[in-house]
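Asks: If you're matching them up, the sequences are chains A and B in order.
Residues in the first sequence are numbered from 1 upward in steps of one, following my numbering.
Residues in the second sequence are numbered from 1 upward in steps of one, following my numbering.
A portion of the hints provided could be inaccurate.
Simulated restraints on C-beta separations [as the list claims (entries may be wrong)]:
(1) T3/B to P193/A: 30 to 36 angstroms
(2) L267/B to S99/A: 58 to 64 angstroms
(3) V114/A to T40/B: 55 to 61 angstroms
(4) P193/A to G257/B: 28 to 34 angstroms
(5) D225/B to T195/A: 24 to 30 angstroms
(6) N237/B to P193/A: 32 to 38 angstroms
(7) N237/B to Q129/A: 38 to 44 angstroms
(8) S91/A to L267/B: 55 to 61 angstroms
Residues on chain B that point at chain A, a partial pick, calculated with CB under 8 angstroms [to be verified]:
(9) N123
(10) I125
(11) I153
(12) A195
(13) Y246
(14) L278
(15) S282
(16) G288
None of these hints come from the bench; they were simulated from the model.
Glycine included, C-beta positions come from ideal geometry on N, C-alpha and C.
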Amino acid sequence: MGFKFNPLTGKLDLVSPSGGSSLLVDTIINIFNSTPEEGQLAFSTDTEKYYLYEDSKWKESDAISSERIGAIDMGAIQGSSLSGYGKDYVSSKIISNCSLGSNSEAKKGAIRTVFANSLQRDLFQIYLQENWQTILTGVNIQTDKNEAIVDIEFTDFAPWVLSLITGNSDSKDSNRVATIQNMKIDMGAYSAPLTIDGGTF
Amino acid sequence: MATFYIAANGSDSTGDGSESSPWFNLFYAASNSRSGTSDTIIVKDGTYTQTVGASNFSLNNRHIRSESLEPNSAILDFASLDTQNISGTSEAKIEGIKFQNMQVIDGNSRGVFLNFDGEYIKNCIFQRITGKDGPRGRGGSFHAGSTRYQSCIFIDCWSGSSDTNNGGVFSSTSGGYDFELVNCTIYFNANNIPAENFMPVAVIHMGDGGSNRSATVSNTIVLVDGGTISKFAEIRNGNGTVNTTYSCLHNANYTGGETGVITDDPLLVDSVNNDFRLRPTSPCIGTGVL
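Just chain A, same shape as in the assembly (with noise of 0.2 angstroms):
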């Protein structure tokens, strides 16, 4: 039994079994040094492929045989691919090369890079919450060194500026400490430097 390609349909097409045309299992050498008949399907145990042999020559085919990793689905229909790819999913893979665009599909999980028109720039969205969830980049920190008292900022990401230190480091206490840290605010003229408790170094 063999096969042989169709150009009409674009498909192989079954071959009569006359001729002996079963598959050809052997190594790329051994195949390619073979005489077949026309027809003759080829599989490669050193490169795991298919091959066709058709207009008097091999024709490699990219399909690819891959082990079964998976256990088999109950029931009557074995919908999983046991291979990593589904008819919606892929899973276990590596995407190299791609490029990520629009996406209309708002359910958890889903990400898309969309144009934003009020802020004039591209955003990376994931859809979380029930809400498309942009993702900062291009997250810069700068020296302000336009306030009377220098302080540093986070910018350049969004239409906001966030200071560096929570709470208000623009406003210093009398011994150059932020008068307002971590949202909480101290007595006196001489605010108490914010310590970090509880952790290791």
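Go by the hints and put chain B onto chain A.
Replies: Leaving out everything else, chain B in the frame of chain A:
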């Protein structure tokens, strides 16, 4: 508006107030900042024993600030000079300077600072700012005025009066105005203050003049120590109102009741030696109001 400078190595006679040729005395600079009443006067770091005092002097809208804004970096010592009735108008600002030994010597002023109605006084230290017991009486170190005192330290400031109705650090009588204290530390070492000058009303007295002025005090520490602490500080409403919240009044004459006010020891590092930082176990850490 223009910017002028004073420096410890400056000169009123040969300088021109520029950064390269600064003046020396603050009040000389304030009198001679020629381009207007909203000039900025920057005080270079250093300790100055001033030779020019001031009487009935208005800073108008000037902004006076130390160059580095670091604590104790710019210290103006007025020694025995007469300084009284120093006022300011709505945009006046004083920032990052330590003033010490200012006192009313002559005249009958009610205070060293009188009717200072500026935008703010912040990050300043005032040590031994003393009024005088004169015929007009009832003064304090800071009399009347409607400014905001932010993150300032007041050390051993007193009225100079023996009248128990007089104000101490702050007073506001019928001609006074509203003012605000935020994150200030007011400290008295009883050993440093003449007994007759440390009256029960040693912090704030809103006066008996009948004009219902109000002051607000928050995130502020008032502490009396030294000696046997036989004296105490007090915040007295008089005919006005002092709204004190989220503050620490220790060894003060305080009956309690206001929101967030505590009377515990604020646990300062070394108040007797003027180190007013908070110890790690201080009850004042994180207990102010935003």
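Asks: Next step is simple, just say for each hint if it's right about the structure.
Replies: These are the hints, each one checked on the structure:
| no. | hint | in the structure |
| --- | --- | --- |
| 1 | T3/B to P193/A: 30 to 36 angstroms | holds (32 angstroms) |
| 2 | L267/B to S99/A: 58 to 64 angstroms | holds (60 angstroms) |
| 3 | V114/A to T40/B: 55 to 61 angstroms | violated (48 angstroms) |
| 4 | P193/A to G257/B: 28 to 34 angstroms | holds (32 angstroms) |
| 5 | D225/B to T195/A: 24 to 30 angstroms | holds (26 angstroms) |
| 6 | N237/B to P193/A: 32 to 38 angstroms | holds (36 angstroms) |
| 7 | N237/B to Q129/A: 38 to 44 angstroms | violated (52 angstroms) |
| 8 | S91/A to L267/B: 55 to 61 angstroms | holds (60 angstroms) |
| 9 | N123 | holds (5 angstroms) |
| 10 | I125 | holds (7 angstroms) |
| 11 | I153 | holds (5 angstroms) |
| 12 | A195 | violated (27 angstroms) |
| 13 | Y246 | holds (7 angstroms) |
| 14 | L278 | holds (4 angstroms) |
| 15 | S282 | holds (7 angstroms) |
| 16 | G288 | holds (4 angstroms) |
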